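Each chain, letter by letter, is given below.
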Amino acid sequence: MRVYDLPDAKGHFGPYGGVFVSETLISALEDLKAAYAQFKNDPGFLAEFAYELKHYVGRPSPVYHARRWSEHFGGAQVYLKREDLNHTGAHKINNVIGQALLARHLGKPRVIAETGAGQHGVATATIAARYGMECVVYMGSEDVKRQAQNVYRMKLLGATVVPVESGSKTLKDALNEAMRDWVTNVENTFYIIGTVAGPHPYPMMVRDFQSVIGKEAREQMPEMTGRQPDAVLACVGGGSNAIGIFHPYIIDESVRLIGVEAAGHGLETGQHSATLCAGRSGVLHGNRTYLLQDDNGQIIETHSISAGLDYPGVGPEHAWLKDSGRAEYVAVTDDEALEAFHKLCRLEGIIPALESSHALAYAAKIAPRMRKDQILLVNLSGRGDKDMHTVAEKSGLKF
Amino acid sequence: MSRITATFSRLKLQGRKALIPFFTAGDPDPASCVPLMHALVAGGADIIELGVPFSDPMADGPVIQRSSERALKHGVTLRDVIGWVAEFRSTNSDTPVVLMGYANPVESMGVDVFAGAAKAAGADGVVVVDYPLEEAERLVSTLDAAGLDTVFLLSPTTTDARLKQVAALGRGYLYYVSLKGVTGAATIDVVDVARRLAHIRSFTTLPVGVGFGIRDGETARAVAQVADAVVIGSRLVQEIEAAPAEAVPRARAFMSGIRAAMDTGAAAA
Chain Y
12 MRVYDLPDAK GHFGPYGGVF VSETLISALE DLKAAYAQFK NDPGFLAEFA YELKHYVGRP
72 SPVYHARRWS EHFGGAQVYL KREDLNHTGA HKINNVIGQA LLARHLGKPR VIAETGAGQH
132 GVATATIAAR YGMECVVYMG SEDVKRQAQN VYRMKLLGAT VVPVESGSKT LKDALNEAMR
192 DWVTNVENTF YIIGTVAGPH PYPMMVRDFQ SVIGKEAREQ MPEMTGRQPD AVLACVGGGS
252 NAIGIFHPYI IDESVRLIGV EAAGHGLETG QHSATLCAGR SGVLHGNRTY LLQDDNGQII
312 ETHSISAGLD YPGVGPEHAW LKDSGRAEYV AVTDDEALEA FHKLCRLEGI IPALESSHAL
372 AYAAKIAPRM RKDQILLVNL SGRGDKDMHT VAEKSGLKF
Chain B
17 MSRITATFSR LKLQGRKALI PFFTAGDPDP ASCVPLMHAL VAGGADIIEL GVPFSDPMAD
77 GPVIQRSSER ALKHGVTLRD VIGWVAEFRS TNSDTPVVLM GYANPVESMG VDVFAGAAKA
137 AGADGVVVVD YPLEEAERLV STLDAAGLDT VFLLSPTTTD ARLKQVAALG RGYLYYVSLK
197 GVTGAATIDV VDVARRLAHI RSFTTLPVGV GFGIRDGETA RAVAQVADAV VIGSRLVQEI
257 EAAPAEAVPR ARAFMSGIRA AMDTGAAAA
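Taken in sequence, the protein lines are chains Y and B.
Under the working numbering, the residues of the first sequence are numbered 12 to 410, in order.
Under the working numbering, the residues of the second sequence are numbered 17 to 285, in order.
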């Protein structure tokens with residue numbers, strides 16, 4: 012593939028993506044599309060974005076050769092793209108800075124966000140504090156209970172956290188509620204979506220902001236290893252960290268792209284979040300994509316040990332990359348992710364996020380079957396400090 | 017002529033405006049759906065917008081969200097809703113029924129299958145809230161072929177370029193959403209609506225209904241003086257929610273009150 016220029020003008024990635032929203036939201040999306048088209052190539056805007064990424068986030072994030080872990084496999088060499096070292100502890104902040112800068116240029120003093128585990132909410136609250144913006148974060152009331160620390164973090168940063176009581180009271184309902192807020196307050200409000208989903212231009216815009224991950228990696232890998240990796244792996248919930256590292260590699264057809272979904276208790280149990288592995292096409296949250304749904308088109312509840320992967324949809328570009336065969340999508344269970352989590356702690360002194368542990372777990376599956384001169388690059392999308400509670404509970408401990 | 021167009025023509029001759037109630041099929045329970053439809057007609061409804069429940073009603077406020085959740089707790093499906101239209105149609109051949117809901121249940125059934133089943137049941141029109149113009153071409157051509165009207169929403173922020181497209185693609189009537197925001201929010205500014213409707217009418221001869229923010233007879237009367245139809249959703253669903261066991265008589269009484277207020281307005285005008 013020499014050229015890759017999706018989405019088209021209407022936001023379509025093949026049959027996926029698009030703008031599936033009520034007429035009441037169309038003008039807001041048109042304004043956003045126009046603003047993004049103007050700023051995405053504006054040297055001043057890009058310089059501002061680059062400055063923030065360097066001096067506030069700490070980019071570029073390093074690539075690290077996980078030597079002991081690789082030796083343990085006796086196969087492929089595993090390299091980690093260290094998004095866990097970013098300010099706020101994950102890749103989420105890359106995108107939030109981009110969108111918050113746009114909000115500033117559009118003169119919107121109020122930003123809103125949805126959050127599941129709280130990582131995107133914390134990143135948004137962080138930037139809102141940095142730019143002096145009002146910040147409201149919608150979070151399912153179930154998640155508010157499960158993620159009390161992140162709720163407190165957002166409040167410390169000055170954000171208002173609104174528990175959402177509708178539907179399944181989780182991430183998908185928080186997204187619905189944030190959309191409702193946006194349509195009501197669009198004059199003064201910018202909606203910062205946290206993943207590569209939602210109506211066009213969000214999937215494209217979030218991808219562009221996150222693709223700094225892959226752009227850096229494409230320069231760093233040859234410097235470190237003399238060539239590009241044989242495969243790039245990333246976990247996929249909504250899919251923003253995965254698109255971020257995949258996108259600059261799409262044109263390098265010799266590089267396998269592997270997205271790793273959450274198989275939860277196992278695909279056969281129905282308790283999972285493996286949208287691409289086990290879902291089918293539908294329309295939710297403003298775009299057409301793969302969804303986990305029942306026979307009547309109702310969205311079903313999902314499960315994953317990692318709250319950040321616990322989402323019944325997935326970014327439309329991933330749906331396209333799957334159908335076109337350019338990327339492969341697989342799933343690993345809660346237990347497999349936990350095993351990888353512990354291995355990385357003990358062998359490399361790195362505590363990974365449970366989300367990222369899914370990508371690590373699949374690397375652990377394929378590395379032993381590969382040659383020692385082969386290279387895997389895993390996007391370590393976040394650090395695991397936020398997951399202490401969940402992991403301790405699994406080990407029978409209570410704080 | 018479609019049943020919807022015939023209804024608007026008849027009302028025009030009578031100098032009256034259409035009253036269009038909305039409620040979610042299967043709320044408060046599946047057995048009430050068809051009796052509620054008949055009660056609304058008895059109370060003075062001219063067209064019924066029958067809501068198809070969805071797990072993620074992004075464009076709806078809390079009242080209609082809750083009604084959708086109640087219906088889904090009863091396991092209500094799009095097939096059930098189409099079945100109730102057929103049951104209603106067996107004793108009412110005059111009142112148009114418009115199915116209103118979100119894209120995913122329709123896509124899950126398949127647009128072609130849906131159009132065939134809805135037409136066979138005696139439905140007249142369809143509103144898919146999250147199919148704006150950009151994504152609606154296939155829906156419109158499929159519904160056209162089946163003989164069903166595609167009803168589009170317009171908002172205060174709809175541009176002239178889009179009005180032109182809606183005028184070309186819309187069938188039956190247009191539904192002007194008079195507020196920014198979700199269903200059930202705030203109240204309506206009738207002067208503003210009148211100004212906006214005059215502008216919309218410079219693009220289309222389709223009848224224009226107005227909804228969102230109509231809570232009582234007085235507002236309905238004021239809106240009826242400028243619009244071709246008055247749509248009432250959240251306020252009616254509140255009646256159903258307040259006393260589920262008496263939903264049918266309460267819905268009828270509420271409808272009668274609105275009808276009387278609208279017709280008084282017509283006589284005075």
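Worth flagging that the hints you see were computed from the coordinates, not collected in a lab.
Here the structure is a predicted model, which means the values were calculated and not measured.
Built from N, CA and C at the ideal position, the CB exists for glycine as well.
Some hints could be false.
What the hints assert, rightly or not - Residues from chain Y that keep clear of chain B, each with C-beta distances beyond 12 Å, as calculated: (1) P73; (2) V74; (3) E82.
Said to hold, decoys possible - Across the chosen pairs, the derived CB separations fall in these ranges: (4) P54(Y) with G132(B): 51 to 61 Å; (5) G281(Y) with D110(B): 18 to 28 Å; (6) L185(B) with S406(Y): 43 to 53 Å; (7) S218(B) with D305(Y): 42 to 52 Å; (8) S157(B) with E176(Y): 18 to 28 Å; (9) V14(Y) with S218(B): 43 to 53 Å.
What the hints assert, rightly or not - Cut-off 25 Å, straight-line C-alpha distance, at most; resulting in silico cross-link-like pairs (SDA-like, lysine to any residue): (10) K119(Y) with G86(Y); (11) K180(Y) with R82(B); (12) K156(Y) with P78(B); (13) K21(Y) with L185(B); (14) K180(Y) with E85(B); (15) K180(B) with A20(Y); (16) K226(Y) with Y62(Y); (17) K21(Y) with P78(B); (18) K180(Y) with T280(Y); (19) K333(Y) with N307(Y); (20) K21(Y) with K28(B); (21) K89(B) with K119(Y); (22) K21(Y) with E85(B); (23) K44(Y) with K89(B); (24) K89(B) with Q282(Y); (25) K180(Y) with D176(B); (26) K354(Y) with S152(Y); (27) K89(B) with H98(Y); (28) K44(Y) with L149(B); (29) K21(Y) with P172(B); (30) K21(Y) with A177(B); (31) K44(Y) with E153(B); (32) K28(B) with E153(B); (33) K156(Y) with L185(B).
How the hints compare with the structure:
{"no.": "1", "hint": "P73", "verdict": "holds, 40 Å"}
{"no.": "2", "hint": "V74", "verdict": "holds, 39 Å"}
{"no.": "3", "hint": "E82", "verdict": "holds, 47 Å"}
{"no.": "4", "hint": "P54(Y) with G132(B): 51 to 61 Å", "verdict": "holds, 55 Å"}
{"no.": "5", "hint": "G281(Y) with D110(B): 18 to 28 Å", "verdict": "violated, 46 Å"}
{"no.": "6", "hint": "L185(B) with S406(Y): 43 to 53 Å", "verdict": "violated, 59 Å"}
{"no.": "7", "hint": "S218(B) with D305(Y): 42 to 52 Å", "verdict": "holds, 45 Å"}
{"no.": "8", "hint": "S157(B) with E176(Y): 18 to 28 Å", "verdict": "violated, 40 Å"}
{"no.": "9", "hint": "V14(Y) with S218(B): 43 to 53 Å", "verdict": "holds, 44 Å"}
{"no.": "10", "hint": "K119(Y) with G86(Y)", "verdict": "violated, 52 Å"}
{"no.": "11", "hint": "K180(Y) with R82(B)", "verdict": "holds, 13 Å"}
{"no.": "12", "hint": "K156(Y) with P78(B)", "verdict": "holds, 22 Å"}
{"no.": "13", "hint": "K21(Y) with L185(B)", "verdict": "holds, 18 Å"}
{"no.": "14", "hint": "K180(Y) with E85(B)", "verdict": "holds, 12 Å"}
{"no.": "15", "hint": "K180(B) with A20(Y)", "verdict": "holds, 20 Å"}
{"no.": "16", "hint": "K226(Y) with Y62(Y)", "verdict": "holds, 16 Å"}
{"no.": "17", "hint": "K21(Y) with P78(B)", "verdict": "violated, 31 Å"}
{"no.": "18", "hint": "K180(Y) with T280(Y)", "verdict": "holds, 22 Å"}
{"no.": "19", "hint": "K333(Y) with N307(Y)", "verdict": "holds, 24 Å"}
{"no.": "20", "hint": "K21(Y) with K28(B)", "verdict": "violated, 40 Å"}
{"no.": "21", "hint": "K89(B) with K119(Y)", "verdict": "violated, 40 Å"}
{"no.": "22", "hint": "K21(Y) with E85(B)", "verdict": "violated, 32 Å"}
{"no.": "23", "hint": "K44(Y) with K89(B)", "verdict": "violated, 38 Å"}
{"no.": "24", "hint": "K89(B) with Q282(Y)", "verdict": "holds, 20 Å"}
{"no.": "25", "hint": "K180(Y) with D176(B)", "verdict": "violated, 39 Å"}
{"no.": "26", "hint": "K354(Y) with S152(Y)", "verdict": "violated, 33 Å"}
{"no.": "27", "hint": "K89(B) with H98(Y)", "verdict": "violated, 43 Å"}
{"no.": "28", "hint": "K44(Y) with L149(B)", "verdict": "holds, 17 Å"}
{"no.": "29", "hint": "K21(Y) with P172(B)", "verdict": "holds, 22 Å"}
{"no.": "30", "hint": "K21(Y) with A177(B)", "verdict": "holds, 16 Å"}
{"no.": "31", "hint": "K44(Y) with E153(B)", "verdict": "holds, 22 Å"}
{"no.": "32", "hint": "K28(B) with E153(B)", "verdict": "violated, 30 Å"}
{"no.": "33", "hint": "K156(Y) with L185(B)", "verdict": "violated, 47 Å"}
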